[in-house]
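Line by line, the protein sequences give chains A and B. First residue of the first sequence: 1, per my numbering; consecutive thereafter. First residue of the second sequence: 1001, per my numbering; consecutive thereafter.
In short, the hints are calculated from the structure, not lab data. Treat the hints with care, since some could be wrong.
Computed beta-carbon distance windows for the label pairs [stated by the list, open to error]:
(1) B:Tyr1035 - A:Asn364: 53 to 61 Å
(2) A:Gly275 - B:Ile1038: 42 to 50 Å
(3) A:Glu257 - B:Thr1113: 19 to 27 Å
(4) A:Val211 - B:Met1279: 32 to 40 Å
(5) B:Asp1237 - A:Glu257: 38 to 46 Å
(6) B:Phe1027 - A:Gly62: 53 to 61 Å
(7) A:Gly275 - B:Ala1110: 50 to 58 Å
(8) A:Asn364 - B:Met1279: 48 to 56 Å
(9) B:Tyr1055 - A:Asn412: 17 to 25 Å
(10) A:Gly129 - B:Tyr1055: 28 to 36 Å
(11) A:Met414 - B:Phe1027: 52 to 60 Å
(12) A:Asn412 - B:Ile1105: 52 to 60 Å
(13) A:Gly62 - B:Leu1052: 17 to 25 Å
(14) B:Val1068 - A:Gly129: 47 to 55 Å
Ideal placement from N, C-alpha and C gives every residue a C-beta, glycine not left out.
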Amino acid sequence: MKSYILSAVSGIALVATTAAFAEPQAEVLHYWTSGGEAKSVAVLQKEFADNGGTWTDMPVAGGGGDAAMTALRARVLSGNAPTAVQLKGPAIQEWYEEGVLADISAVAEANNWDAVLPASIAAHMKCEGTWCAAPVNVHRVDWIWANAEVLKANDIAMPKTWDEFNAAADKLKAAGIIPLAHGGQAWQDATVFEAVALGILGPDGFRKAFVELDTDTLTSDKMVAVFDQMRKMRGYVDGNFSGRDWNLATAMVMNGEAAFQIMGDWAKGEFLAAGKVPGKDFLCVSTPGDGFLYNVDSFAFFKVDGADKIAGQNLLAKLIMGQNFQKVFNLNKGSIPARTDVPLDDFDSCALLSASDMKASSENGSLLPSYAHGMALRGAQAGAITDVVTAHFNSDMSSADAVKMLADAIANSM
Amino acid sequence: MEAPKGTHPMIKWLEENTPKLILAPSFIAVLVFVYGFIGWTAWVSLTRSRLLPKYEIEGLIQYERLFVSPRWDTAFGNLFVFGILFIAIAMILGLVLAILLDQNIRTEGAIRTIYLYPMALSMIVTGTAWKWILNPGLGLEATVRGWGFENFRFDWLVNPDMAIYTIVLAAIWQSSGFVMALFLAGLRSVDGEIIKAAQVDGIPTWRVYTAIIIPSMAPIFLSAFIVLSHLAIKSFDLVIALTGGGPGYATDLPATYMYAMAFSRGDIGQAASSAMVMMMVVFAIVVPYLYSELRSKDG
């Protein structure tokens, strides 16, 4: 009996404290489960705990986030959404339209997010004018990675145009080196495709085609030229590329079997992990043409009940955009901070190039979302485009047929 | 059954109703989780559901989208290529193996186990192993070239026109031992007296098989067919492990199409309509079977 009273009293005391201080609580659903990524998210976890919060981790591995999205769907349908969820691109607005996202404008405005984020990235974080998500990093997608030694031995400079790229690739092929390391998975085909499209269509054409889905641009002669270049690219990969993982393709560049790879800057992590030095062992430049394609990871905030959870949400939002986290996280992950006012002293030369290009492209309006990585379009439309790209790349379909199929597929995906 | 006189009516009631009571939970579970969700899927397939299910009926729009999608065309065509080849070859191979094993050979037990073993592996393991075997740069092609046959080519896995046959190959490897076991049991169940009588009459062995034993195994053929066809229609893990649906989407099957739509693309309506079409294919196979089964029992 005594112990019962005691526990009841302590129970009441507990309720009283929570009401008074609303100890921040956050349940975070994410799919950063691999080595480097898990380390990156642990940084956030620690900062959250240091600020007096209780973090409930909900990592869901598998399927490049598909499994996490399935878990999210189940949680939202059962009316018990997590505090924060790793979501990106138009998926944030898609969830907002289901009426389940929270408004964190108070935190965003107090910390002046508008001033420190590039405008086009900030736009992804807003749902009809209110802030509903916070970005953690910027991956650049339109990189071309090269083995410095192979290029030097064959007397090749980093290509500035696609014609130069083709000339370099033909030369390498004649010398018995695989010009382009590539893995035949649909998303990798799409990654190469969008880099080619950005170069040939130009930033404005890219925006019209893959953000606005403008039919004239999608069926233009320039789009035919994009597919022509893709057909050329197909000739530059080795015969055994089907199904290869991207990091194996990176390894081919590393050991000199292949010369180039077109891949986002997560490839840099592979080079660095193997002890390669940027600028000396491997080279990083943007793919031929203007513009910057970004893939921004972010956390979206879902509607939750209770002062402790809302406090957790606000604290989390503040920490995610904090300078310290943006720096430490991105050093771990190989990307660059989304905020533009983080000191970059500890970053490598590729990251510095990425940061200065991001600034310049943001000013001249060529900072664009990556379609291949789910930043530009919703899943159904992006998937429809990828289907056409990968079908064209893996068959002998003509460019004109591919363009026609592209227009049909997009119309059908609406 | 009549209860003995003098039994309590409660006990009598229990005796009559116990089977129903015991079956009720599983009956309800099947009703909800199988037929209920089939109904739910059918409903959703008539809506414009995207990320989350919606319930306003919009008509047949999802089916229209489905049937103009080139990727679905490929997936649905692959189902027939894969299904027909897989079922036919696995059954023929299984039957031949069973007949050969039926010749009273000494090591039958050991051989039977060896042939049956692939069935113990999951399709993921089978798919991964065959992915390595068929990979031109690692497996068979590289090995044979290493022996000095420089022009040897076996690149089906990376050839969009041939990749679907690698899936057939792996699936047959996995399942034909099981079909063999089914047929072997069938062969053994044929009445020995009839066979002996035929042998006394001097009928050659191959005639004994084609005219007596195989026709009397018709029910076994039907069971093998049903088991294999449902394996074929629900095939998913093998494709994911072996080709990932590639090159491009050349080896997509309806199940992988449905998965992509539902879980990667947030297009639940489209996924539901493809699931309904898959179910109709299953019905087209199962209904005639059930009909013939029920009719033969009535007659």
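How the hints compare with the structure:
Separation of Tyr1035 of chain B from Asn364 of chain A is about 60 Å and conforms to the stated range, judged on CB atoms against 53 to 61 Å. Take Gly275 of chain A and Ile1038 of chain B: their Cβ atoms lie about 56 Å apart, and the range 42 to 50 Å is violated. For the pair Glu257 of chain A and Thr1113 of chain B, the beta carbons lie near 43 Å from each other, so the given range of 19 to 27 Å is not met. For the pair Val211 of chain A and Met1279 of chain B, the supplied restraint of 32 to 40 Å holds, since their beta-carbon distance comes to about 38 Å.
As the Cβ distance of Asp1237 of chain B to Glu257 of chain A is approximately 32 Å, the hint placing it in 38 to 46 Å is violated. Range check, Phe1027 of chain B to Gly62 of chain A: Cβ separation about 34 Å, and the 53 to 61 Å hint is violated. Look at Gly275 of chain A against Ala1110 of chain B: about 51 Å separates their beta carbons, and that is inside 50 to 58 Å. Between Asn364 of chain A and Met1279 of chain B, the C-beta spacing of about 53 Å keeps the proposed range 48 to 56 Å intact.
Between Tyr1055 of chain B and Asn412 of chain A the beta carbon distance is about 23 Å. The supplied range of 17 to 25 Å therefore holds. At about 29 Å, the CB distance of Gly129 of chain A to Tyr1055 of chain B agrees with the hint of 28 to 36 Å. At about 43 Å, the CB distance of Met414 of chain A to Phe1027 of chain B disagrees with the hint of 52 to 60 Å. Remark: the range hint 52 to 60 Å for Asn412 of chain A to Ile1105 of chain B is upheld by a beta-carbon distance near 58 Å.
In this structure the supplied range 17 to 25 Å holds for Gly62 of chain A paired with Leu1052 of chain B, their Cβ-Cβ distance being about 21 Å. Here the CB-CB span from Val1068 of chain B to Gly129 of chain A is close to 37 Å, at odds with the stated 47 to 55 Å.
Checked against the numbered hints given earlier, this structure breaks hints 2, 3, 5, 6, 11, 14; the rest are met.
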